[in-house]
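Protein chains in written order, with my numbering: chain A, 4 to 112; chain B, 538 to 707.
Do not take every clue at face value.
When the alpha-carbon atoms are kept at most 25 Å apart in a straight line, the in silico DMTMM-like pairs for lysine to aspartate or glutamate are as follows [claimed, not checked]: (1) K690/B with D12/A; (2) K43/A with E586/B; (3) K43/A with E28/A; (4) K690/B with E58/A; (5) K690/B with D601/B; (6) K690/B with E659/B; (7) K690/B with E661/B; (8) K690/B with D649/B; (9) K690/B with E615/B; (10) K690/B with E671/B; (11) K43/A with D552/B; (12) K690/B with E104/A; (13) K690/B with D7/A; (14) K690/B with E705/B; (15) K43/A with D582/B; (16) K43/A with E58/A; (17) K43/A with E104/A; (18) K690/B with E677/B; (19) K690/B with E680/B; (20) K43/A with D581/B.
If you are wondering where the hints come from, they were derived from the structure by calculation, not from laboratory data.
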Amino acid sequence: MMSDDERIDARLGAFFSAPEARPDEAFVTRIERALLAERKLAAARVAAWRRFRGETAASLAIVVAFALLWRLAPAGLPLDQLAVGPAAAALLVLFLWFAVELRPAATGW
Amino acid sequence: MDQDAVLARNAAAGDVAAFTALVRAHEAAVRRFLGRLTRDGADDDLAQEVFLRAWRSAGAYRGDGSYRGWLLRIAWTEFLGSTRAAGRRAARDQSAYEAGQPPQRDAEAALDLARALAALGERERAAASLCFGEGCSHSEAAEIMGLPLGTLKSILARARTALASRLEIG
Numbered sequence: 004m005m006s007d008d009e010r011i012d013a014r015l016g017a018f019f020s021a022p023e024a025r026p027d028e029a030f031v032t033r034i035e036r037a038l039l040a041e042r043k044l045a046a047a048r049v050a051a052w053r054r055f056r057g058e059t060a061a062s063l064a065i066v067v068a069f070a071l072l073w074r075l076a077p078a079g080l081p082l083d084q085l086a087v088g089p090a091a092a093a094l095l096v097l098f099l100w101f102a103v104e105l106r107p108a109a110t111g112w
Numbered sequence: 538m539d540q541d542a543v544l545a546r547n548a549a550a551g552d553v554a555a556f557t558a559l560v561r562a563h564e565a566a567v568r569r570f571l572g573r574l575t576r577d578g579a580d581d582d583l584a585q586e587v588f589l590r591a592w593r594s595a596g597a598y599r600g601d602g603s604y605r606g607w608l609l610r611i612a613w614t615e616f617l618g619s620t621r622a623a624g625r626r627a628a629r630d631q632s633a634y635e636a637g638q639p640p641q642r643d644a645e646a647a648l649d650l651a652r653a654l655a656a657l658g659e660r661e662r663a664a665a666s667l668c669f670g671e672g673c674s675h676s677e678a679a680e681i682m683g684l685p686l687g688t689l690k691s692i693l694a695r696a697r698t699a700l701a702s703r704l705e706i707g
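If we strip away everything but chain A, and leave its shape as in the complex, we get (with noise of 0.2 Å):
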């Protein structure tokens, strides 16, 4: 014998029935593309990160040898020999790198 609530659940539970639809194949697909592009972006995300450790490391080696180098000097040599020394080379290249990378192509601005 059913009690009054589990007559009125029964009730309420036929009012909310909704008949078994087969799966909605355009939502389906819209999460499936979302997810791939979430995972392109995650991926995307780490090679940058990977990409930019990399870059600073070797800045940052570039710079410690040249401030080795500029140490290493003699005292009182004329500013023109310096120009050619392997500092001002070293200094040249990571100026050179830092304009090649940062032009608008390759950061894609």
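Dock chain B against the given chain A, drawing on the hints supplied.
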């Protein structure tokens, strides 16, 4: 281990196809639940957020309840977050809610149900949708809504009384 649990484990390992199978199996329940909670045309966007969040936190599903229940819990949390963020709760228009209800077996009965649901608070609507619409047990609904069992039963009793009165069930 049931099929959902196997698919969920594979999804947690990054298997998109497994997760897509879970989406295919449960999208109707999630969208129906959200559709009964909100009526501003954002159901599918919200449902997408639910599934994306489920994908991102796929490893958090431990298999101690049904996967559908886990998704519905995410849906409830997302719904609360979206209404709070947008301040839509106060602005929601009852007529828009009613107009957006999907056709069911009986259009008149569906409209009656939409009107009756629109008169309920969010928690009553969610509890009624879960227990009467999705066939959840009281404890499962309480788990989904993050409420103690006694609180859920009180909310459901209020919803039952209000719905029975409005739908003239007695």
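Each hint, compared with the structure:
| no. | hint | in the structure |
| --- | --- | --- |
| 1 | K690/B with D12/A | 13 Å, holds |
| 2 | K43/A with E586/B | 18 Å, holds |
| 3 | K43/A with E28/A | 22 Å, holds |
| 4 | K690/B with E58/A | 60 Å, violated |
| 5 | K690/B with D601/B | 22 Å, holds |
| 6 | K690/B with E659/B | 15 Å, holds |
| 7 | K690/B with E661/B | 10 Å, holds |
| 8 | K690/B with D649/B | 24 Å, holds |
| 9 | K690/B with E615/B | 23 Å, holds |
| 10 | K690/B with E671/B | 16 Å, holds |
| 11 | K43/A with D552/B | 14 Å, holds |
| 12 | K690/B with E104/A | 64 Å, violated |
| 13 | K690/B with D7/A | 16 Å, holds |
| 14 | K690/B with E705/B | 21 Å, holds |
| 15 | K43/A with D582/B | 21 Å, holds |
| 16 | K43/A with E58/A | 22 Å, holds |
| 17 | K43/A with E104/A | 23 Å, holds |
| 18 | K690/B with E677/B | 12 Å, holds |
| 19 | K690/B with E680/B | 12 Å, holds |
| 20 | K43/A with D581/B | 23 Å, holds |
Checked against the numbered hints listed earlier, the structure breaks hints 4 and 12; every other hint is satisfied.
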